[in-house]
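Chain residues, written in single-letter form:
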Amino acid sequence: MCLAVPGKILARQDMLATIEVGGVTRNVSVMLLPEAQVGDFVLMHAGFAVQVIDEEEAKKTLALFKELEQYAEHDK
Amino acid sequence: MLSMTNEEVKKAAAFFTREIEKLASGRSLRLMEVCGTHTVSIFKSGIRQLLPENVELVSGPGCPVCVTPNEYLDTAIAYSRKSDVMITTFGDMLKVPGSSSTLAKEKAQGSDIRIVYSSLEALEIAAKNPGKKVIFLAVGFETTAPTAAAAILMADEAHLTNFYVLSAHKLVPPALRALLASGKSHVDGFLLPGHVSAIIGLQPYDFLSKEYHIPGVVAGFEPLDILQAVYMLMLQIHDQTARLENQYSRIVPKEGNPSACTILSQVYQQTDAVWRGLGKIPNSGMSIREKYQAFDALLNIPIIVEETKEASQCQCGKVLRGLLQPSACLLFGKACRPEHPIGSCMVSVEGTCAAWYKYGAGRWQV
Ligand code: SF4
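Same order as they appear, the protein sequences are chains A and B. Numbering-wise, full-length UniProt numbering puts 7 at position 7 of the first sequence, and it's gapless, one number per residue. Numbering-wise, full-length UniProt numbering puts 71 at position 71 of the second sequence, and it's gapless, one number per residue.
In case anyone wonders, no lab produced these hints; they're calculated from the structure. Heads up, the beta-carbon is just placed ideally off N, CA and C, and yes, glycines get one too. Do not take every clue at face value.
[As the list claims (entries may be wrong)] Taking lysine to aspartate or glutamate and the EDC-like style, the derived pairs with C-alpha atoms no more than 16 Å apart in a straight line are: (1) B/Lys133 / B/Asp296; (2) B/Lys107 / B/Asp74; (3) B/Lys95 / B/Asp74; (4) B/Lys11 / A/Glu67; (5) B/Lys309 / B/Asp74; (6) A/Lys59 / B/Glu222; (7) B/Lys132 / B/Asp84; (8) B/Lys95 / B/Glu71; (9) B/Lys95 / B/Glu339; (10) A/Lys66 / B/Glu222; (11) B/Lys133 / B/Asp112; (12) B/Lys210 / B/Glu245; (13) B/Lys254 / A/Asp54; (14) A/Lys8 / A/Asp40; (15) B/Lys128 / B/Asp112; (16) A/Lys8 / A/Glu20; (17) B/Lys128 / B/Asp84; (18) A/Lys66 / B/Glu8; (19) B/Lys309 / B/Glu71; (20) A/Lys66 / B/Glu7; (21) B/Lys10 / A/Glu67; (22) B/Lys254 / A/Glu57; (23) B/Lys107 / B/Asp92; (24) B/Lys22 / B/Glu53.
[As the list claims (entries may be wrong)] Which bits of chain B does chain A cover? Going by a derived footprint, with three or more residues having C-beta under 8 Å, they are: (25) 5-19; (26) 141-151.
[To be verified] Stretches of chain A that chain B covers, calculated by requiring three or more beta carbons in the stretch to come under 8 Å of a beta carbon on chain B: (27) 23-32; (28) 57-63.
Generate the whole structure from the sequences, applying the supplied hints.
In structure tokens form, the structure reads like this:
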């Protein structure tokens, strides 16, 4: 129920944003995330954008996961 | 967001599971995943089977539908029988059994019950049906509650006079506190819900480490997120420390979402609430503030609700506290199945009983 999906803001008019999720566009409210801007990746839940996705942190997590590969190789 | 090849995922997962095994070194440990979305991801990706036998994942009270008590459903069902009322609800509430009926049964018998994906749709329905009293069944934790609060603010602005909310919102940290205070649910570490935390931030969980000396890690929902979070918990357990850590930093800032929290507390105030299986928990629910009372279904639409009865053999209460594995329930997979649920834990796809039924039991030692 607390499932939320990421999407990218394509356009914004007042408290309504057009967001792209996997090739489909949807309208969601940004009332709970007034700082959201066009170009931001946001997390959506039940018709609302609820959080901006921190791309730097996402890259760090990904880099860490990918780095583990070397350890896995190493230990064999 | 995290694009990785299968091979890369496998290798990272192998690293985590190997390290977890080393850190656990023969001790029996129970980690609780609080959130139903975690439960589903754990079962789907087979994480329970990947972990060493002495590290068990136990589901907690984190499926909003599952913890909604019969009394709430009985009230919603009673409302649905009124000819001037229309019920708007998330789809997963439909099959949840009340004392003697379900919303699905009432719908089949002609009650006007509409499934919506957001509170905004409920608002639209209210605007289009001025002759009906439109009640939105507001169920969900801190992730969902602000969306209902926002709808109330919008209804207020639009001067809608036929939109009402029946609130059963619940708050996660007070439930964890109650679980620990009961002293019965032995937990060595918590995997904390990522999307709830995206709203409330980290501070509300401080008591876990400070008062109970139990480590907690806010976790994302990809299988590797969960494995990393388990690994982070294991590092702490191994070092005999207890901290609150954040594995899901790409989504969860320390302070959460202050705008959403402001809207939430503008419309709602904390109140005691009854949880299925956990009973009444102080300050764990949300009620509509006096200023927005005009939107409170209970205060505006009189209703007589039948006496609440619990399904006598359903063990949901114990399942939700991590005290009993679903397969130990006599009805599991027999009288109680997803297509014919007896208890709420079998209804929602996020329910522990439903996950066990769908994905196979896996191990669990109590
Ligand atoms: S299997 Fe069904 S009856 Fe048994 S505890 Fe789970 S939901 Fe309740």
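Worksheet entry | Hints violated by the structure (listed by number, smallest first) | none
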